[in-house]
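Engineer: Here is what each chain is made of, one letter per residue.
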Amino acid sequence: DTAVSQTPKYLVTQMGNDKSIKCEQNLGHDTMYWYKQDSKKFLKIMFSYNNKELIINETVPNRFSPKSPDKAHLNLHINSLELGDSAVYFCASSLGRPSYNEQFFGPGTRLTVL
Amino acid sequence: KNEVEQSPQNLTAQEGEFITINCSYSVGISALHWLQQHPGGGIVSLFMLSSGKKKHGRLIATINIQEKHSSLHITASHPRDSAVYICAALSNFGNEKLTFGTGTRLTIIP
Numbered sequence: 001d002t003a004v005s006q007t008p009k010y011l012v013t014q015m016g017n018d019k020s021i022k023c024e025q026n027l028g029h030d031t032m033y034w035y036k037q038d039s040k041k042f043l044k045i046m047f048s049y050n051n052k053e054l055i056i057n058e059t060v061p062n063r064f065s066p067k068s069p070d071k072a073h074l075n076l077h078i079n080s081l082e083l084g085d086s087a088v089y090f091c092a093s094s095l096g097r098p099s100y101n102e103q104f105f106g107p108g109t110r111l112t113v114l
Numbered sequence: 001k002n003e004v005e006q007s008p009q010n011l012t013a014q015e016g017e018f019i020t021i022n023c024s025y026s027v028g029i030s031a032l033h034w035l036q037q038h039p040g041g042g043i044v045s046l047f048m049l050s051s052g053k054k055k056h057g058r059l060i061a062t063i064n065i066q067e068k069h070s071s072l073h074i075t076a077s078h079p080r081d082s083a084v085y086i087c088a089a090l091s092n093f094g095n096e097k098l099t100f101g102t103g104t105r106l107t108i109i110p
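Respectively, the protein sequence lines represent chains A and B.
In terms of our numbering, the first sequence is residues 1 to 114.
In terms of our numbering, the second sequence is residues 1 to 110.
So here's chain B without its partners, still in its complex pose (with noise of 0.2 Å):
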């Protein structure tokens, strides 16, 4: 079982649907990541956060550090948001590396 688990593997929305990507770690961990990969294989960091909640434009990330739990979420999609959404969790002892999850593709239909 991976340390970091993701859901859904693949979502399939309309243009203008508010999606939710959910993310479990196991680990201990000092923040969490999620990254966005584009479909031309580049990689972007979206977010890194260690409690509460960030909002940048129509994405929003929330992690409950209690449940070991994060999601972000995506407010009015729109077909360019497709891609491929990763989290990865930073664990908080020894070496500080990041754990990936399998990663969620995100396909928006106008």
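Next up, chain A with everything else stripped away, as it sits in the complex (with noise of 0.2 Å):
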């Protein structure tokens, strides 16, 4: 069984579209992220929530949007998608405050904007 598993795998779309990623984790953590990885290789966090509550936002276009439903599961929904959203955007996990444990990471959704 997958631990972290993230869909679609890969998502390619038209620029000025609104798309979602969906996360969910059967670990029983509660804690997730969101990362994204550039065409360089460089992984950033984005968000992170802790028991469905927001604790890291970083300096990300309020086109990104993240939702939690309940602990298991961290959606990320992306508004007029540009050229420059193109990456790779992982979803993790981890039991309690990040400094406490490892983080799990899902399979990652390859996003491309035309």
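It should be emphasised that the hints constitute simulated quantities derived from the structure, not laboratory data.
A portion of the hints provided could be inaccurate.
From the derived model, a few chain B residues whose C-beta atoms are all more than 10 Å from chain A [to be verified]:
1. ALA13
2. GLY16
3. LYS68
4. THR75
These stretches of chain B come out as covered by chain A in the derived footprint (C-beta under 8 Å, 3 or more residues) [unchecked claim]:
5. 41-47
6. 78-90
Using N, Cα and C, we set each Cβ at its ideal position, and we do this for glycine too.
Hints are included, so try docking the two chains, each in its own frame, into the full complex.
Structural biologist: What follows is the structure, encoded as structure tokens:
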């Protein structure tokens, strides 16, 4: 069974569209994250939720909106997609605060904006 | 200048060689992570350490808090170790976010 799953794995869309990426973890973790990996393979934190509460919100355009309906899910909605949004987006989860335990990563969603 | 620097950026070695990847950071941290990104793109956490040394199989991670430096060692390297290795510093203030290094691409030749 997959510990941290993301859907879809690939997403190709036109500029200006709105899209969502879903993330689910079955590890019983209470902290979830979204990371962006750009074309140079550089990873950067976008958001983090602990017990459905937003704890990290980095300098991300407000076109990006995370939603955590429960502790096992953290979805990422992106409005008005731009070419620069093309990247691989990774979801991750951990038990407790980030400083307590290692993080488990999902397989990534490759977003291509045309 | 990135807050987390890794060296080397690329490393090619023969199977069986002892591998060392270095990570230096300039921020105060509560922990340092070592991650492995497979050629297929998946990311796996290898270690999380805040002091001393940890060992898992052929992998060893060390950290020197005073010098703000960590190393990842691989003994008896194997082609399946070929991957990108990423260190990430967990800040010790505020929101405890991870800041990532740029990664080291390791290629082990049979």
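Engineer: List in ascending order the numbers of the hints, as given earlier, that are violated by the structure.
Structural biologist: As far as the earlier hints go, not one is violated by this structure.
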